[in-house]
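Colleague: Residue numbers (our numbering), protein chains in the order written: chain A, 3 to 262; chain R, 1472 to 1824.
A hint or two may mislead.
Stated by the list, open to error - No farther apart than 25 Å at their CA atoms in a straight line, the calculated lysine-lysine pairs in the PhoX-like style are these: (1) A:LYS151 / R:LYS1491; (2) A:LYS244 / A:LYS5; (3) R:LYS1596 / A:LYS57; (4) A:LYS151 / A:LYS129; (5) A:LYS129 / R:LYS1698; (6) R:LYS1491 / R:LYS1698; (7) R:LYS1672 / A:LYS123; (8) R:LYS1748 / A:LYS151; (9) A:LYS156 / R:LYS1491; (10) R:LYS1698 / A:LYS114; (11) A:LYS135 / R:LYS1491; (12) R:LYS1672 / A:LYS156; (13) R:LYS1672 / A:LYS135; (14) R:LYS1810 / R:LYS1484.
Rather than coming from a laboratory, the hints here were simulated on the basis of the structure.
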Amino acid sequence: MEKLLTIDHVSMTFGGLKALDDISFDIHQGEIVGLIGPNGAGKTTLFNCLTQFYKDYEGTFTLHGDTPVDLRDLKVTEVIDAGLARTFQNIELIPDLSILDNLLIGAHRSFKDSFAEELLKFPRALKEEKRLKEKADRVLDILGLQAIKDLYVKGQPYGILKRVEIARTLMSDPKLIILDEPAAGLNDVETDQLEQIIQLIQKELHVTLLIIEHDMGFVMNVCDRVCAINFGQFIAIDTPQKIQQNPAVQEAYLGRDDDA
Amino acid sequence: MKLFMRMDEVLGKLGAFFRKVPYIGYSAFFILLLLIPYYHSTDVISSGQLGIFAYIVIITVAALGLNILLGYSGLISLGTAGFVGAGALGVGVFLELGLPFELAAIATLIVSTLIGALIGLFSLKVEGIYLAIATLFVGEILRQIFTTVPIFGGQSIMIGSVTLLGQFELSTFDQAQRRILFVVIAFLLLIMMIAMHHIVKSKTGRALLAMSRSSSAAQAMGISLMKYRLMAFSLATFFATFSGIMYALYNQSVPTTQWTLDLSLFIIAMVVVGGYKSIYGTFIGAFIIYGIPNLYLKELFGDVSFIFSGVLIILVILFYQNGVAYLATDIRLLYYKLKRHILGGARGKATDD
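With the hints as extra help, turn the sequences into a complete structure.
Modeller: Rendered as structure tokens:
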């Protein structure tokens, strides 16, 4: 399988605390990789380094493609151009915009019209708006949000918000989608729906996903491979079944989560 | 009940129609504004009152700019009055240099907007209360410059009659021509309202909102905070300067001393009371904050505008943060709620039987 992302000896320190300690693993094209670990293991820190919110990490993230990209060379706002789109642990949507408009924010970089064209509503501005709204429609269809696209984000149920955030990442034609705890706070029905959605977007849109998740049932059902970390250190990466049986992983979780 | 249903439908369709073709709403608003000089010509409105309406129209443009900053971008400026003054006095200075009015206006806009963008650099460094303090002093510095630097001419700059498009000479001291000047500034307000509509309902408006509501999501979606903060300040300054130019055009004499913090605070009050993010609301806010005290309360109680707007702004912040622009929406929601309640009650009865 072709490599998409290489995480190579990444470390990150906050003051004296080693949040990430020499993490290395690969993500392959088209797979769904789970990232698990107890609270404070450094999962979100890894995401923030990967998406360049933190810049002062050691090691490298290499995005493979026609020409490999060292993500450190990109600004935080350029990461999306490289094909990395992410969600956040606490939902970060714009409450006073409609669901459709929130999706259009995900396509911000795809608009090719200039400010002047926008101000004067030149044909190109109208065309761009139309083109990306049509694209949003397709994404909304896949995620089953079409019927409510004109409603404000504010006041929507949690499950919908999580789905809108995933929809927003899809608007930038990402190669790799990074989801931070997509199933947290969802009920069983919503979690089942989310599993289907994630499998659907992997199949339909051929994207690769990296998912932080605490819900072990969800991780076992959805992920092709699972990477476990604890106290910032790499433990193992393997298929869900093997990770489950891995003694080191069991130790990390012991007494906290029996069915893991 | 049937009547209720039909009313809902009509309201819903009407709303959708105006959202789809916003220009109709703005044009209707413009035509309503034109009724004011008409009533003025029939002496229902006095000369002084026409001036008050003109001031509302003028200051609405500055408040629209501040609404882009405050309502959309979540940034604050206490220096708005300084830039309104810069627009009014700047155009006066350029006119004295012999430029035609339109060129003077463009030159003023360019210079002032560049200064505004520079002020925007502050916002990259500080936020909230510190940004407020920094911009407060920008406003005060500008005010000091206007009153002490000789090119602005001491007490005031006299502009005299203005020639538009090279042939229409309009003087504010002629009653008929003053009415035409009112139509001109009302038309400029219409243009600025539509411009703001285009800005906020597009990529830029969404980016500004994203930046203020969630800076991390904005960055992850590729929205540069630096670019859009500078943009927000440049736009707000542009609108404020434009408002000043309208002031110079209508009044044709510009005092140097009135561009103080008081005015900046009034403009903020207009946005807060009128409604964040609302274009019509900003005008309503300007009418409430400037119009009501000067048109109606002054005769009864004297100059109480500060007390009036102060009390209003506290009431709005405490009890109705949306601002009056959202009254109609909220009343409609309340109506739906009541209706559901009544209908639900009726249905409950039916099943009981």
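Colleague: Run the structure past the numbered hints and jot down the numbers of the failing ones, going up.
Modeller: 6
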